[in-house]
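Chemist: Top to bottom, those sequences are chains R and L.
Residue numbering for the first sequence follows this note's numbering, beginning at 3 and increasing consecutively.
Residue numbering for the second sequence follows this note's numbering, beginning at 677 and increasing consecutively.
Quick caveat, the hints were computed from the structure, so don't treat them as lab data.
Positions of the beta carbon are idealized from the N, C-alpha and C atoms, including for glycine.
Among the clues, some could well be false.
[Said to hold, decoys possible] Residues of chain R clear of chain L, computed beta-carbon distances all greater than 10 angstroms: (1) E66; (2) A89; (3) P103.
[Unchecked claim] Derived DSS-like pairs: lysine-lysine, alpha-carbon spacing no greater than 27 angstroms straight-line: (4) R/K129 <-> L/K735; (5) R/K92 <-> R/K129; (6) R/K92 <-> R/K69; (7) R/K13 <-> L/K735; (8) R/K13 <-> R/K85; (9) L/K797 <-> L/K735; (10) R/K95 <-> R/K85; (11) R/K13 <-> L/K743; (12) L/K719 <-> R/K65; (13) L/K743 <-> L/K719; (14) L/K797 <-> R/K13.
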Amino acid sequence: MATVTDDFDVKIRVVFPFLTKSLPKDDNQRINATGNFNFEPPPQVDTATGSTVGTSPIQETNKEERKEELRTGLINLLERFDKIQSAMEKRSKHITMEYDPEITENEVLANAEIEIFGSASGSITYKKFEEVLAFHEKINKYIAHLSIENKGTVGRVA
Amino acid sequence: MALFIYEFDTDNSVFLEISRNGLQTRPVQTTHNGTDGQVVESKLYLRNEDINSYYTSIKMMPSPSRKVRVGDINFPEAFIKFKIIIQDEQPTESEWLAIESGNEIAIADIGDTNVADNSYKPFWVQIGISPGTRVQTISDVTIHLDAEESAVGS
Numbered sequence: 003m004a005t006v007t008d009d010f011d012v013k014i015r016v017v018f019p020f021l022t023k024s025l026p027k028d029d030n031q032r033i034n035a036t037g038n039f040n041f042e043p044p045p046q047v048d049t050a051t052g053s054t055v056g057t058s059p060i061q062e063t064n065k066e067e068r069k070e071e072l073r074t075g076l077i078n079l080l081e082r083f084d085k086i087q088s089a090m091e092k093r094s095k096h097i098t099m100e101y102d103p104e105i106t107e108n109e110v111l112a113n114a115e116i117e118i119f120g121s122a123s124g125s126i127t128y129k130k131f132e133e134v135l136a137f138h139e140k141i142n143k144y145i146a147h148l149s150i151e152n153k154g155t156v157g158r159v160a
Numbered sequence: 677m678a679l680f681i682y683e684f685d686t687d688n689s690v691f692l693e694i695s696r697n698g699l700q701t702r703p704v705q706t707t708h709n710g711t712d713g714q715v716v717e718s719k720l721y722l723r724n725e726d727i728n729s730y731y732t733s734i735k736m737m738p739s740p741s742r743k744v745r746v747g748d749i750n751f752p753e754a755f756i757k758f759k760i761i762i763q764d765e766q767p768t769e770s771e772w773l774a775i776e777s778g779n780e781i782a783i784a785d786i787g788d789t790n791v792a793d794n795s796y797k798p799f800w801v802q803i804g805i806s807p808g809t810r811v812q813t814i815s816d817v818t819i820h821l822d823a824e825e826s827a828v829g830s
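Next comes chain L alone, as it looks inside the complex (with noise of 0.2 angstroms):
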């Protein structure tokens, strides 16, 4: 597959590529206050890096439930708040409360039959942590990305 979320070094003014499939090199990383609970935003990117291919049917979501689906009864052990919301603006508060935690979020095609976008998409994650969560890094959470992958001109 050749879409890819990226970061955005602000420093160097380049984009990113956050690692894939548990590699850890460059995971999308935030750090939270575990005594009074803290929530942490970050914008990132998705794009498609080949000019060949067009994606439709794309969804993204946090994984696994276990950990992210905060307040579903099906998944009592869940501790940690990931939303997902898909804009180019930071959302407002509101925007966030409107979406549950773990939510699988749908995104519009990335280019079509006729030709490949490879411009970055930007969205924005929310991660929340509760007040006395014990100091530790979790690493074990992913963006999980599913989409249909068709070559241009098929």
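In isolation and in its complexed conformation, chain R is listed as follows (with noise of 0.2 angstroms):
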């Protein structure tokens, strides 16, 4: 009989609380929210041969941090998407789109500009452009309410 002894190592760090929501996989299973403990049943094992019988729970309260980032991520991003979106429409009503309707190859735009507004006056803006989609959407609810009034037979009204 012989006496023996060991000392076996143990890290304990210190972090601040930011730092922890990149611990390692492991260490998240073993804290639970309020510090005290993790009542989560840990993997069973068979002490024997060191199989694994069940799996490991991952901590209800984990799920619920990172769906509660995730859904604070998103409003973000869809706040910052709406305001680019108001950023661009009001940009896009100084664009204006300028051709030469005398010359040959733009005598198609020039018809449609003449066909719309009345004349080609050489210059298409974007507010001619929403002028020109109420319009279509005008005709198109017309068209859908005829479809109705005439039993579906749109274009051949008695």
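Two chains, two frames, a set of hints: combine them into the complex.
Modeler: Next comes the structure, spelled out in structure tokens:
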């Protein structure tokens, strides 16, 4: 009989709270939200063979934290997108496409402007474009209205 | 000595040996929120690696006392709560409260004169850091193990 002794290593890391979000998975599973106890059952291990009987549960609190982070991130992203969209709309009002209605290559464009606005000015603004879209939408609504009134026979009004 | 401490790697389903004597190649590692204070619990295993030896009078304790004997008037500078409980299931809060930080824990014999016992013996450690602890890495704390080693058949 002999007296034996040994010292097994321990490393305790004390960190700022924000650093705890990137803890190794194993450490995260050991810590619960209140800092007291983890009541989730650990994986069942056959101590004789070392095989795992069950799987390790992920802390519900960690899932909730990740969900909350994801939700906040999405809200921020949507807010930024709304701002960009608003800025684009403001800037687009100043966009003007200039063309020469006298050149043969622009004949189709000039005729389209005459048909819609009555004359070929050689200047198509974004405002004009919006008016066309609004007009187009009104026509579609009117056609749909006729379709209902004439039992679906659009274009052949009695 | 052929008694070793292990942690269980749930991802790969293998036991990993904890390093000894300050090597720090694979320590029992915990991370704590130093601002709010935090308690971390970990399940570990003790195992005899030698089929020709058995162990008696096994004792395990967190060390050194000057760091882990929180609440002991003889060690007023101690600030790490470090407790050990020998059982398979995670101890309840009342079970943890029933023992003092830094207490020596007696462990049942592993094997006997007829046969060695090479199974993994589970135990739990609880390590706690108080609120307001500064950011740092503490690596001079250990789990100290004492035992009587005998040859099977002797």
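Chemist: Which numbered hints turn out to be false for this structure?
Modeler: Result: hints 4, 6 and 8 break, sorted rising.
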